[in-house]
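A.B. asks: Use the sequences and the hints to build the structure in full.
Protein chains in written order, with the working numbering: chain A, 1 to 248; chain B, 1001 to 1321.
Check each hint, because a few of them may be wrong.
[Stated by the list, open to error] Derived DMTMM-like pairs: lysine to aspartate or glutamate, alpha-carbon spacing no greater than 20 angstroms straight-line:
| id | chain 1 | residue 1 | chain 2 | residue 2 |
| --- | --- | --- | --- | --- |
| 1 | A | LYS236 | B | ASP1301 |
| 2 | B | LYS1317 | A | GLU235 |
| 3 | A | LYS236 | B | ASP1311 |
| 4 | A | LYS246 | B | ASP1199 |
| 5 | B | LYS1308 | A | GLU233 |
| 6 | A | LYS161 | B | GLU1187 |
| 7 | B | LYS1182 | A | GLU158 |
| 8 | B | LYS1317 | A | GLU244 |
| 9 | B | LYS1137 | A | GLU21 |
| 10 | A | LYS90 | B | GLU1143 |
| 11 | A | LYS236 | B | GLU1315 |
| 12 | B | LYS1292 | A | GLU225 |
| 13 | B | LYS1108 | B | ASP1002 |
| 14 | B | LYS1137 | A | GLU218 |
| 15 | A | LYS219 | B | GLU1143 |
| 16 | A | LYS215 | B | GLU1143 |
| 17 | B | LYS1146 | A | GLU207 |
| 18 | B | LYS1277 | A | GLU225 |
| 19 | B | LYS1049 | B | GLU1166 |
| 20 | B | LYS1312 | A | ASP239 |
[Said to hold, decoys possible] Which stretches of chain A does chain B cover? Using the computed rule of at least three CB atoms under 8 angstroms from a CB of chain B, they are:
| id | stretch |
| --- | --- |
| 21 | 89 to 102 |
| 22 | 114 to 127 |
| 23 | 156 to 165 |
| 24 | 176 to 190 |
| 25 | 208 to 217 |
[To be verified] Taking CB as the label site, the calculated pair distances span:
| id | chain 1 | residue 1 | chain 2 | residue 2 | range |
| --- | --- | --- | --- | --- | --- |
| 26 | B | PRO1233 | A | GLN32 | 20 to 30 angstroms |
| 27 | B | LYS1062 | A | LYS28 | 49 to 59 angstroms |
| 28 | A | LYS198 | B | ILE1172 | 52 to 62 angstroms |
| 29 | A | LEU228 | B | GLY1013 | 43 to 53 angstroms |
| 30 | B | PRO1286 | A | THR14 | 18 to 28 angstroms |
I should point out that these hints are in silico values taken from the structure, not numbers from a laboratory.
Values in this document were obtained by computation on a predicted structure and should not be read as measured data.
Beta carbons are placed, not taken as given, at the ideal position from N, Cα and C, and that holds for glycine.
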Amino acid sequence: MKILVCISHVPDTTSKINFSENNSVFDKTGVQFVINPNDEFGLTRAMWLKEKNNAIVHVINVGLHETESTLRKALAIGADKAIRINQDPKDGYSVAKHISNYIMNNTYDLIVAGRESIDYNGGMVPGMISAFTDINFIDKCIELNISGDSVNASREIEGGKENISTKLPLIIGGQKGLVEESDLRIPNMRGIMMARKKELEVVEVNEDYQATISKSFEKPNPKSEVTLVSADEIEKLIDLLHNEAKAI
Amino acid sequence: MDILIFAETNDKGYFKKDALEIASYAYEISSQNGGKVKAICFNSTNPEKLSEYGVKKIVNSKNEELKNFDSGIYSDYISNVFKDEKCNVLILSSSSNSKYIGGILSVKIDAGYVTNVISKPVLGNNLVVVRNTFTNKAFETVEINKNNTILAISKNSFGLKENPVEAEVLEINFDITEARNKVSSVEKTSNKVTIADADIVVSGGRGLKGPENWHLIENLADVLGGATACSKPVSDLGWRPHSEHVGQTGKPVSSNLYIAIGISGAIQHLAGVNSSKVKVVINNDPDAPFFKAADYGIVGDAFEVVPKLIDKLKEFKSAND
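C.D. replies: Encoded structure:
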């Protein structure tokens, strides 16, 4: 079984969000980049399939040279090979199209993407890849069991979960549930050393396939101070929620 | 410029609030720029309801086989209607199902697709909208680079606006291709308001000291008609099911009112709940980071404050009903 895990290179959750060049681009100064958390759950699940079913795991990213540190981390965790499509990512459509082109030329049984990235929060790449490549798709996948080419999986729905049977090849939009937070792996020294020797293929592309253009960013106004109500004046809170906030 | 909305229904075939919100949103665009608002829905009990919100043509597909949502079949249907009705804008909600098919549809109808939209589009040569990004830490202005557009509207960002019009209701049925994913079973917590649908969410953290105290959260949610949720440590400890975990790696919340009890407000938690309109925090630690993100707060012991709050809310409800 061959698995492709799509890795988004995102600022760590605790990063300060600022913009530069007249508020047109995200300011990367001093920002620590990590594997997108939703992708990391999927990568860990792929590692389990590698260990139990001898799967081969590749990781892919659309990005410039700077994203290689994140791909190397995925290799150190245990992926066998990394692919970097050499383009500054334009939008979800463009990223999905580039990854789909790679998939069309290199067959995979399972493609794992995160349900969304924690930076731009588009949440569209896995669905687009499924449409470009015409393969089965489960979004918000929280359980995944594979035997032969049969798949039993679950997806999160509003108020519960839906159990699904389907066939490989398959793409999932992954999230917590595929594995738990405590299952995530920190690369060890041996993994880091081995990662240096693993293949990192750089794919050159010309087209950009851009469907949407990011024009500018703006930060919300600083939040006004919290209105504190004394624990002995609960009525006041109810009054504020009713008359001022109109929330009840 | 005709606009199509995908109007979702609940298990009984009635429109969800999100469906009426995106109808209101679509009407606002059409009233400024001409063109009709049309809708596609599946197994709707009362399709004509949408006419109260400005929808002039409602395509309802009644078919038992469409009872279970299937991303392939639903997106085929919607893209067919989009093309047949000669629309160039498709409006979706931000529900799980709408987001499931948004990406697929953008390929099928070759559209620029924008999620988490919070503003009406500005029309020039190309459509321009504002969306939430960086987990509600910034707004992004985005221009569409295609002839067709799909916008997924952020819940509660526009509200409901009634605009009664005359509407034509059409029943259609396409040949249904076989579903590629078979749903073998559905496990749902019965008769509970879901976090996604709730206007009010009451959430508990480690400050509640144990699962045996969750009646406080449940009773408060009951009085308010809200859903219950919890912080990550609480679901990791097994006090509550994972399905109730809200935050960056859990469920996102964009309710009208979010009440956090005994939750300190870690950055990952706040990232998931920040798009809620009004946030209330009850915590005995005045230095809890949540107080910086909240609109209203009570510094106090949850075990004293919450029962009082429940009693006072019951009085308030009976006086206002």
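A.B. asks: Would you mind marking each hint as holding or not holding in the structure?
C.D. replies: Results of checking the hints against the structure:
no.: 1; hint: A:LYS236 with B:ASP1301; verdict: holds (17 angstroms)
no.: 2; hint: B:LYS1317 with A:GLU235; verdict: holds (12 angstroms)
no.: 3; hint: A:LYS236 with B:ASP1311; verdict: holds (14 angstroms)
no.: 4; hint: A:LYS246 with B:ASP1199; verdict: holds (12 angstroms)
no.: 5; hint: B:LYS1308 with A:GLU233; verdict: holds (10 angstroms)
no.: 6; hint: A:LYS161 with B:GLU1187; verdict: holds (5 angstroms)
no.: 7; hint: B:LYS1182 with A:GLU158; verdict: holds (18 angstroms)
no.: 8; hint: B:LYS1317 with A:GLU244; verdict: holds (17 angstroms)
no.: 9; hint: B:LYS1137 with A:GLU21; verdict: holds (18 angstroms)
no.: 10; hint: A:LYS90 with B:GLU1143; verdict: holds (12 angstroms)
no.: 11; hint: A:LYS236 with B:GLU1315; verdict: holds (13 angstroms)
no.: 12; hint: B:LYS1292 with A:GLU225; verdict: holds (7 angstroms)
no.: 13; hint: B:LYS1108 with B:ASP1002; verdict: holds (18 angstroms)
no.: 14; hint: B:LYS1137 with A:GLU218; verdict: holds (9 angstroms)
no.: 15; hint: A:LYS219 with B:GLU1143; verdict: holds (18 angstroms)
no.: 16; hint: A:LYS215 with B:GLU1143; verdict: holds (7 angstroms)
no.: 17; hint: B:LYS1146 with A:GLU207; verdict: holds (15 angstroms)
no.: 18; hint: B:LYS1277 with A:GLU225; verdict: holds (15 angstroms)
no.: 19; hint: B:LYS1049 with B:GLU1166; verdict: holds (11 angstroms)
no.: 20; hint: B:LYS1312 with A:ASP239; verdict: holds (11 angstroms)
no.: 21; hint: 89 to 102; verdict: holds (count 3)
no.: 22; hint: 114 to 127; verdict: holds (count 10)
no.: 23; hint: 156 to 165; verdict: holds (count 10)
no.: 24; hint: 176 to 190; verdict: holds (count 5)
no.: 25; hint: 208 to 217; verdict: holds (count 8)
no.: 26; hint: B:PRO1233 with A:GLN32: 20 to 30 angstroms; verdict: holds (23 angstroms)
no.: 27; hint: B:LYS1062 with A:LYS28: 49 to 59 angstroms; verdict: holds (52 angstroms)
no.: 28; hint: A:LYS198 with B:ILE1172: 52 to 62 angstroms; verdict: holds (53 angstroms)
no.: 29; hint: A:LEU228 with B:GLY1013: 43 to 53 angstroms; verdict: holds (45 angstroms)
no.: 30; hint: B:PRO1286 with A:THR14: 18 to 28 angstroms; verdict: holds (22 angstroms)
Every hint from the earlier list agrees with this structure, and none is contradicted.
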